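Just so you know, the protein sequences line up as chains A and B, in that order. With this note's numbering as the guide, the letters of the first sequence map in order to residues 1 to 319. With this note's numbering as the guide, the letters of the second sequence map in order to residues 1 to 323.
Just so you know, these hints were derived from the structure itself, not from any lab. One or more of the hints may lead you astray.
Stated by the list, open to error - Below, computed lysine-lysine pairings styled on BS3-like, alpha-carbon distance capped at 30 Å: (1) A:Lys272 x B:Lys84; (2) A:Lys170 x A:Lys200; (3) B:Lys303 x A:Lys272; (4) A:Lys131 x A:Lys70.
Said to hold, decoys possible - Partner residues are not named here, just some residues of chain B that face chain A (Cβ under 7 Å, in silico): (5) Gln99; (6) Leu173; (7) Gln174; (8) Lys176; (9) Ala193; (10) Leu217; (11) Ala221; (12) Val260; (13) Gly264; (14) Leu269.
Keep in mind that this is a model prediction, so the values were computed, not measured. The beta-carbon is built from N, C-alpha and C at its ideal position, and this holds for glycine as well.
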Amino acid sequence: MSLLRVIDLAKHYGTGGGFLAGGREKVLAVDGVSLSLARGETLGLVGESGCGKSTLGRLILRLEEPTAGKIFFAGEEITAWTGKRLRELRQRVQIVFQDSYSSLNGRQTVGAIIEEPLLNFGAGKKERQKKVRELLATVGLEPELVSRYPHEFSGGQRQRINIARALALKPEFIVCDEPVSSLDVSIRAQVLNLLRELKKEFGLSYLFISHDLAAVSYLADRVAVMYLGKIVEVLATRRLLDDARHPYTRTLLAAVPVPDPRQREVCQEVIKGEPPDPAKHPKGCRFHPRCPGAIEVCRRTEPVLEEVNEGHLVACHLD
Amino acid sequence: MPGNSVLEVSNLATCFTGSAGVVKAVNGVTFAVKAGQTLGVVGESGCGKSVMCLSLVGLIGPPGRIVSGEVWLNGQDLLQLSPKEIRRVRGREIALVFQDPMTSLNPILTVGTQLTETIVSHEEVSKAEARRRALELLARVGLPDPERLMRRYPFQLSGGMCQRVMIAMALSLQPKVLIADEPTTALDVTVQAQILAELKRLQKELGMAIVLITHDLGVVAAMADEVAVMYAGSIVEYGPTVEIFASPGHPYTRALLRSVPRLGGEEELAPIEGQPPTLLNPPGYCAFLPRCTQAGEECSGDKPGLHPFGPGRYVACCLRGER
């Protein structure tokens, strides 16, 4: 049984447009997404700006109300949960955000920040403080730092604090939304390795959202690629380079600059056009205006996400 | 350093003085770039690379001060020029492209106005001629429908389009040297690939030298002929890109290459423990010492300078690449 299952999930935003604008423009941020995540798995979610990956993460966490679709966690439908049930869910599902600085309350000590979730779920003071020190040690920070404030730490350390807080309630599932993107190159590896170790130690499952394919491929078992609100391909990470079939996935892979000067010419196969405007959807396949192989049917009909191989799903007419 | 370079920087040092002490943002930097070539400057935040860019074109103001060095461009030491003289050089001989295109363009002027203004203020041409050149430039950097684009404001453009406009502006006076400070960091990876390909093409056409500052080793590998690795305000390694990637000489370069995730890579990442140091009141010894896994007795002395390490290669390390 999957730990997380999402069926035809959608989030549409109406964009005002003003009284005289006539019809309302809708941003179809997430537009019919289905996926599942097994217990103990890390699913990577990649895509460029405007593809809807962060919105999808927020929907799954119930930080936003879906416009349509269903979300199941550990077999139970959580789509419409509120109040007490939702609060209980928060114990099991946590998040680590991109901006380590704005995720932490600058007026609270690090100890208080990590202790807060424990306060909400009832535990004695001594027990809480012991737990806070343990958590700091778990993420590689000295327990003596409990009385410091967020601004006294570096970006990488703040991210560790965010992770410690996320672990406080012993969650089963953590959504990591660009957890290392704003960190220095030499620090990213520290946090990526930490996430990996913690997963092993605590039996966690992750949804790892990022535009950085290389970071995702380091941690994820499977990768789902998003474009303009839809999933266009899902496959095992180890198969990514050799077996990716969707033209967008292939362009994305080709565009990632490789830290190897002998492969300079790879950069030549560049994609045409601009990343699309999420408020303006082309008819048919959303990628067809930029697709080098688009044929007639691509302009008329949206392709469906189908299994082409075991565990490998693609939404493309060219297959 | 090669003699037929178009830009030669020698012992550049820039400091910021405040109540807490002195921040040695650029601490003795030396490099050279030839026409038609790209020098990649790799470094993480706080290594001084952005201050270095600003220093090259005289954009450092109090409390910052360039305390030493020479910047030779076309037979002139830019650091000796008066503000009026450097303004003439800036844009025409040496141009800058910054990281965040959305904040670098004037938000209340159309693209057309900004471009034509740049041309008219530096060259003796009519507005009509400047407009004609602007249209040509926009097409040259791969922007569709230049006529329509001229009437747009920056907020109406995407990040990638803004960056192309920035590049068009930088090229409008046909500079000999283009300094690009993280030009694609804020862009999506597919847009980045387009912009980098565009820069390469333009470089070929114009024979321009490019100094490309980035933290992305993949971008360096794709674009740079030579690399300067910066750490804590100084260059710690310098040489041809292919060789530095194949056999890095400085422990920081080595550690950096091992800590970067690669698509399809199987190895465990080896992070560099600790943080980059503060540039405030730096110690007299090697700045990388606290994080170096190969440090030995030799490292307890003064901060090492760049020493030859093979043809065209230099390393600032007491161990001289041994180990």
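Each hint tested on the structure:
no.	hint	verdict
1	A:Lys272 x B:Lys84	42 Å, violated
2	A:Lys170 x A:Lys200	13 Å, holds
3	B:Lys303 x A:Lys272	48 Å, violated
4	A:Lys131 x A:Lys70	35 Å, violated
5	Gln99	14 Å, violated
6	Leu173	27 Å, violated
7	Gln174	25 Å, violated
8	Lys176	24 Å, violated
9	Ala193	4 Å, holds
10	Leu217	4 Å, holds
11	Ala221	4 Å, holds
12	Val260	6 Å, holds
13	Gly264	5 Å, holds
14	Leu269	4 Å, holds
The structure is inconsistent with the numbered hints 1, 3, 4, 5, 6, 7, 8, although it conforms to all the rest.
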